[in-house]
Every structure is written in structure tokens, then in C-alpha cells.
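Model the full structure from these sequences, guided by the hints.
Residue strings, one per chain:
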Amino acid sequence: MAGEHEIHVAGADADVARTAADAAIADVARIEAKYSRYRDDSVISRVNAAAGHGAVDIDGETHALLRYADQCHAQSDGLFDITSGVLRRAWNFRLEPPRVPSSEELAPLLDLIAWRDVEWSERSLRLPRAGMEIDFGGIGKEYAADRAATILMERGVRHGFVNLGGDIRALGPQPDGAPWRVGIRHPRAQEVAVAGFDLVDGALATSGDYERYFDLEGRRYCHILDPRSGMPVTHWQSVSVVAPLCVVAGSCATIAMLRGAGAPAFLDAQGVAWLGVAADGTIYRPPAG
Amino acid sequence: MAWAEVVVDVTRVERPRERRGDALLLSALALPGVVPSVAAQSVPDKGIFEAQYLSYRDWQPGRNRMTVNAPAFYALMPVGDTWVVEGGMVYDSMSGASPLYFNVLSGASIGDYRTAGDIKVTKYIGNQAVSVGTFVSSEQDFLSRGASFNVQYFSDDRNRTWLLGVAGTNDRINATNGVAPNSRRNSIEFVAGITQALSPNDIVQSNLTYYTGHGYYSDPYKPLDTRPSQRQTWAWLTRYNHYFVEQDATLKLGYRLLLDSFGSTSNALDVAWVQGLPWYGISVTPALRFYTQTAAGFYKNPPFPTGYVDGDNYSADTRLASFGAITAGVTVAAPLWDGWNVSLRADYYRQDPDWQVFGTGSPGIQIFAARWLQVNLSKNF
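First to last, the protein sequences are chains A and B.
Quick note: the first sequence uses our numbering, first residue 1395, plus one each step.
Quick note: the second sequence uses our numbering, first residue 12, plus one each step.
No false leads were mixed into what you were given.
Pair ranges (Cβ atoms, derived):
{"hint": "1", "chain 1": "A", "residue 1": "1575", "chain 2": "B", "residue 2": "221", "range": "55 to 63 Å"}
{"hint": "2", "chain 1": "B", "residue 1": "197", "chain 2": "A", "residue 2": "1571", "range": "51 to 59 Å"}
{"hint": "3", "chain 1": "B", "residue 1": "253", "chain 2": "A", "residue 2": "1440", "range": "39 to 47 Å"}
{"hint": "4", "chain 1": "B", "residue 1": "130", "chain 2": "A", "residue 2": "1417", "range": "24 to 32 Å"}
{"hint": "5", "chain 1": "B", "residue 1": "162", "chain 2": "A", "residue 2": "1585", "range": "51 to 59 Å"}
{"hint": "6", "chain 1": "B", "residue 1": "255", "chain 2": "A", "residue 2": "1417", "range": "29 to 37 Å"}
{"hint": "7", "chain 1": "A", "residue 1": "1569", "chain 2": "B", "residue 2": "343", "range": "33 to 41 Å"}
{"hint": "8", "chain 1": "B", "residue 1": "221", "chain 2": "A", "residue 2": "1443", "range": "47 to 55 Å"}
Partial pick of chain A residues on the chain B-facing surface, computed with a CB cut under 8 Å:
{"hint": "9", "residue": "1410"}
{"hint": "10", "residue": "1455"}
{"hint": "11", "residue": "1458"}
{"hint": "12", "residue": "1459"}
{"hint": "13", "residue": "1461"}
{"hint": "14", "residue": "1466"}
{"hint": "15", "residue": "1639"}
{"hint": "16", "residue": "1641"}
{"hint": "17", "residue": "1646"}
{"hint": "18", "residue": "1664"}
Over the 10 Å line for every Cβ pair with chain B, so calculated as not near, a few chain A residues:
{"hint": "19", "residue": "1436"}
{"hint": "20", "residue": "1443"}
{"hint": "21", "residue": "1609"}
{"hint": "22", "residue": "1676"}
If you're looking for bench data, these hints aren't it; they were derived computationally from the structure.
Because the structure is a prediction, the values reported are computed rather than measured.
Just so you know, even glycine gets a beta-carbon here, dropped at the ideal spot from N, CA and C.
Have a look at this one:
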């Protein structure tokens, strides 16, 4: 989980705020450790290490996340696929000079993107082919933000928000009743806000082409990759979604990036508020209501 | 946030609306801990003050019996962030004739007045809450004192609560007629329970209570009344509430089974429907209670003193008879302003030996009826 994390608590006794925030931070750290791709002892690493071999035992929380990921897969017509992380093997956004992988490099990786083939139940998960992998990008950090907000609320915090690397879940207005005003970064000018959303108790998440990327011959290549072609999406610079839960906002934003021109219809059907910055910089925002 | 804001406008985040496209939100709500649970037993953060006035009257065919007027007060106060103090007081004043065949008021006699109070302190520690309480009830001829200790344990998702409790009571009976002076009764009660939120709209609770006591259980005002000096009861109470979203209504069901070592068994079934109305937050709650009990082993049918054998247990108290009863009531509640709420409640109770559904009712006792009127004013602060 990259980016700045912030828990903002207002209008509460300092001890309550500290105890509540500590509990929330501990839970975020727990989820990060449990589902990190970078830690050998995480659930994700164990599952990925066993790809092509046996099933790995999973607990109820992991099963719930898989079920949600499965729903995202269905709602995105297969575009949101938690097995698509294998494409990282061909795309290195840090390489100097940058390089676009060939279709011959991508083809064998595309064969490994197959959420439909994954064998999973309430208790176990098995990746059927060696080389397959899963990750909870687009939902894990957002799930952690929702849980952190719940922990704060259950400990009596009524005013504040959780910000995990730009994915924000509010848990009540400012102490004077005013909503939290959250600015949306301009995808091409990070210190400029293109718009603002007012949050009281909902969530805001943004998916953009500026997190990991390279520019080559006038074209932006970003880390959000279409599982059908293995190529970066190009229709939007960023999509921001406001939803009751951060995990919904985050997954909707990612699916919108993947759907490209189909994003407005998808987002409107999900009943969420959103703002999109198209490839040419045009700002799209449906009227509220 | 040092961003220059170019465009700012307002989008209030509404509660999720019911629509088919909400598929992702609906499945996200199945993730553990993403929203506070419906049964979230976190520390109460608001105080409550309640004032209540109860008027009771009962009668048998052709004659009025007893009236009781009882003002009561209750208050709950959070103290700091993890402590809650709550307490109540009630003052009953009674007048009227002592019923010939019935006395539905608990206690050893019909005193002129009763004053009772209780106080409870609860400390919340993480997933647990520990309560210590004490209570006292005093009449001219009766003094009851007790203490209670409860431990509650909340699951991490706050959807489940376990309860373990114990309470001890010490009673002193000094009948004004001089029968059995300085009598005592001691009892202890254990309770174990679980409350589970099944969904955002369903909650179920089940409690098992065991009571054991020894001492003076007879009624000093009833001639020849001789009851066992030991008593044990088992009570099993289960309640279920379901909220109907479209109707904005809650169905409340309750069932209680009570087994008494005196030989009687009682069943009580409660049904209530809390209907929210589209005006000013008003709700109307019709409620029905069906109750039956079998007679105590030493209860003897009239005429008095048929069946009395010197040295054996004996009672002609019709409260120990076999009968059925129905209570029908309605409550109207409305929020006022500034956290104040008012409710009015009326109940009608009718008891009839022919309404005993488990076996036959006791013969020779008259139909008995009562009504309650209750006004309750409360404030959250």
C-alpha cells in the first residue's frame, strides 16, 4: 500500500481519539501484512507460491474478499480480474529508457489471467496453473479504509475521515456539522484540484494513469492494464467515484478506467457519483442526484 | 491540502438507494467490518432521562378492586468514555379493597405504598462490559434488597453479545397482622444469554435464567397459606425482531417458558407490530400477549378451605391457579422537540380459567380484568 496514510479525528477527547486511532491503524497494518504481495508470509504470497500445485487454506475474511472480487469480475464483464497482476512481469514502469513489451511477451501472460479457472471455496483457494497469481489491488486498501472507519465509529468517534493513499472514507461531518471538502487532484498537475466533493459519511476513491506510468513518443503508458490485450488503458486520465463504502468507490473507479468509453453507463448504473478526466483533459461529471 | 480549488460543488452522499444496479454495494456490505453492525454495543454516548406515570385498576364482575398510581423515573448517564451510570426510582401508592380471589401485584401483601430504587454502574473495556448494581424495595411490611453482577462480551464485529449474570436478593417480611414476624427469604439468580444480529434487519435474543431461593414464601395475609420453603425456577426467554423496510414496521415476537418447582408451568407469547407513520415520526404499536399457567401442586380449588391437610403445603391464592390470559394494548409514541419523546400506552388484561390451553383451568374462580394507562416522557441529551 503506497502513498500517504492519514487518520483524521475531530471533536473527540484526546485519549479516545488516540485509542481509537491506534486500533484503526493496527487493523490497517494487519490487512496490509495479510494481503501484501511483498511479504512472503502473506496469504497472497502463500496462494501464489502454490500456483499449479495444491489448494491453500483461507479464512472467512479472505473468502469474503474473494466473493467481492468475483462480483467485481461479473459486474465488469471480466475486466476486473484479480489474476491480471501477472502482466507486471512484462511491464516495468521504472525501466530507463522505457520499453513497450511485444505481443509475443504478453501472449503467455494473458493465458495466465483466468479468474474463472480459479478453484475456490469457503475454506480453500487453488490457482490451477503454475505462474498464476492473485492480488487485491483496487479493493484491499479500500477495504482497510472502511474497516478503519468502522473501528473509529465503534469507539465513539463521530467526526473524522480515513485517508489511505488518496482513498478516503468519511465517518461523520466536521464537528460543526459541515461536510469534509475533498479535492480531486488534477491528473497532470498534482498540486491543482480539478474539483471538490463534499463528504459526510461516504467514501471517495480515484483511479488514475499517473500512479505508475511512463511516457513514450507522446503516449502515456500506465499501470492499469486491460486483461484482454495486456495493454494500458487510455480513455481516461483519472476517474473518481463517491460511494457509501470505500471498497465500492475503489473498485468502481478501477472498473471505470478499464471500461473506457463504457464507464459513464456503468457508473450511473451503480448509482454512484463520479468525476472523470478524459484523455484530452475534458472533465466529465454527471449532474448530482 | 494545498490544492487550488478550481471547481467546487456539493454532492451529499445519500444512503444507498434500492436499485438493481447497486450490485457492488450490496456485495460489499457482506465484507466483515466495513460498516458498524446493527447491534453495535459500543458505549452509550448519550444520556437518557425518563419520567413515567402508571395508573392501574383491576376489577371482577360487579365490583372494583384496586387502583395503583405509580410515578417512576429513570436516568442513564455516560461518565467519561467507558463508564455508564444508570438508576431508577418508583413510588407506588395503592388503595382499594383486597381482592377476594385475585391479587396480581407481586409481593407478600397489599401495602399502602411501595418505594423502590436501583442503581447500576457499567464499565466498558474493549470487547467487554462489566456491570455492578444494587436495588432496594420497601413497603410497610416488606423490605427487599439485592445486588447484581453482569458481564457482557461483544464479538469483534459487534453482531453478537454474550451475557452472564448473577443477582442475589434478601427479603424481610414483617406482616402487619403479626403472622410470621421477622421472616426472611434469600435467593440467587443466574442468567446466561446471547443476542445475535442475523442481518441488518433481524435480531434474535435468547436468555436462560435459573432462580433458587429459600425462606418464607407463604402469604401471611391468607389464612392457612403454607408454601414450600424452597423454590427453584427455570425461565427460557427468546425474542426476535424483524424490520420490514418497505412498510417501515418492526415485528416483535417473544416467547417465555417458565418451570416452577411449586409445580406450575407457564407459557407466554408476545406479538407486537411497531408501525411507523409518515407524519412527524409518530409510531403506533398494537401488541398482544397470550399467557397460560398450570396450577401449583399445593393450590386447592374453592370453596375455602377444601383440601387443607394440617402439616401439608396449602394455598387458595388464585394467582397459583390454572388459567389463561390475554393482554391487548396499544402504544402511540412521538418525538417532540429537542430530544424529547412522548408515549402513551393503554393495556387491557383479562384472565379466564377457560383460556387455559394446556389442560383444564381451575374451577370456581371468577373472571378477572385489569387495565393499565401509562404516560412516558423521555429526553435524550
